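So the protein sequences, as listed, match chains A and B. With positions in the first sequence counted from 1, the corresponding number in the numbering used here is that position plus 4. With positions in the second sequence counted from 1, the corresponding number in the numbering used here is that position plus 4.
No lab work stands behind these hints: they were computed from the structure. Just to be clear, a hint being listed does not mean it is correct.
[Stated by the list, open to error] Derived list of chain B stretches under chain A, where covered just means 3 residues or more per stretch with a C-beta under 8 Å from a C-beta of chain A:
(1) 42 to 55
(2) 135 to 149
(3) 160 to 173
(4) 198 to 205
(5) 208 to 218
Only a predicted model underlies this, so the values are computations on that prediction, with no experimental measurement involved. Backbone N, C-alpha and C define an ideal beta-carbon position, used for all residues, glycine too.
Below are the chains, spelled out letter by letter.
There are 2 protein chains.
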Amino acid sequence: MKISELSRTTGVPVASIKYFRRQGLMPAGKATAATLAEYGQEHVQRLRLIKALTTLGGLSIAATRDVLTAVDQAHSTESALGAVSYALPVPVAESPVGDAGREAEIGSAAEAEVADLIAAMDWQTPSTSPHVEGLTAALRELRRLDAAYEPGDLVAYAELARSIAGLDLDRAAAFGDPEALAEQAVIVFALSAPVLELLRRLAQEDQVRRRIAGGDTGTGAE
Amino acid sequence: MKISELSRTTGVPVASIKYFRRQGLMPAGKATAATLAEYGQEHVQRLRLIKALTTLGGLSIAATRDVLTAVDQAHSTESALGAVSYALPVPVAESPVGDAGREAEIGSAAEAEVADLIAAMDWQTPSTSPHVEGLTAALRELRRLDAAYEPGDLVAYAELARSIAGLDLDRAAAFGDPEALAEQAVIVFALSAPVLELLRRLAQEDQVRRRIAGGDTGTGAE
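Please take these sequences and the hints and turn them into a complete structure.
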């Protein structure tokens, strides 16, 4: 198809398609004349993926390029998942730092907590993993806010996260073609966090209604 | 304490504190003279919460005000959780719409899928819940991307989400004071999604390493 038809099919303006091409996010079409190129189904799929990453995933063009590079280089379920997981960040913003002494204390406590958790779960995770740093940052922020949670709470959530990861990998393993696999991995990583959070909210809503209906006023007397 | 000390303690500039006051995000200090006010521990906590909502939660000032209003009006675990959950959105961006016919088909399919899921889970959820619309939007986007998943996959994730919601509500029920409860609910809602996602990523990483070490090349032959 011509670029105008590619634009109609995907809803992406011609100028944006050309921009994505120049930025190296999308392979060239097959040249049919000096100023004409033929695009195929792979360009439609790639454009949809770029849209998802930049809108639903909230990624910059540079970050999108990193993810697409990882996708193109992946040759197995595991390496695709691993590469995409490392490339696609989990955003954790942190409050401006206040008292330096308290910050140092909070930092050490959060690091120890993550190390203890990884040991308790027997997780094979290098300390250089971006997810180790991400979780440490999230726990620092919880401590800054004096969030009330116990180490045992974290283990309970980690056990459920392990079950979720098992579902994720089983779904990924069902794919035969590494390219399709890698692209699905990007979709799953970009979209599964909001889906899971929405399922959790719906489940909370149900349990809130049942507990109110049951006359439990939430005073801790359940 | 004076406003200068409040600023030092929290790391929030005096100008920002005054801005939050004018925007109605924070109660006034106790007036001690025409131009002086005394601030207490409740202002320190409130400022930390505002910081978390606007940085880690990524909320606008207007959205932060809505959440704080809900927090101040909550009188029980359940109403605090419910109000905060409705006020604190789960962001779901959607791709620009392409073909109108396909969009209509995608929209109907996603709505039916959410209705079926809620029925299958026996969830008590009004159709006006923002989470119903949020999940429908997320599923529309998955369909636009031709994401490969089965209705059964969604139920499996929903079952785990139910367990997570149970942990959430048990933790909330452990609080006695509704004000502290409501504030903790905000913290948990704002911070627990990235924490859960990071735990899931760490668990995936562990399972990826184990499967690669086990020689499973991810061709679906597990």
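| query | Broken hints, numbered, in rising order? | reply | none
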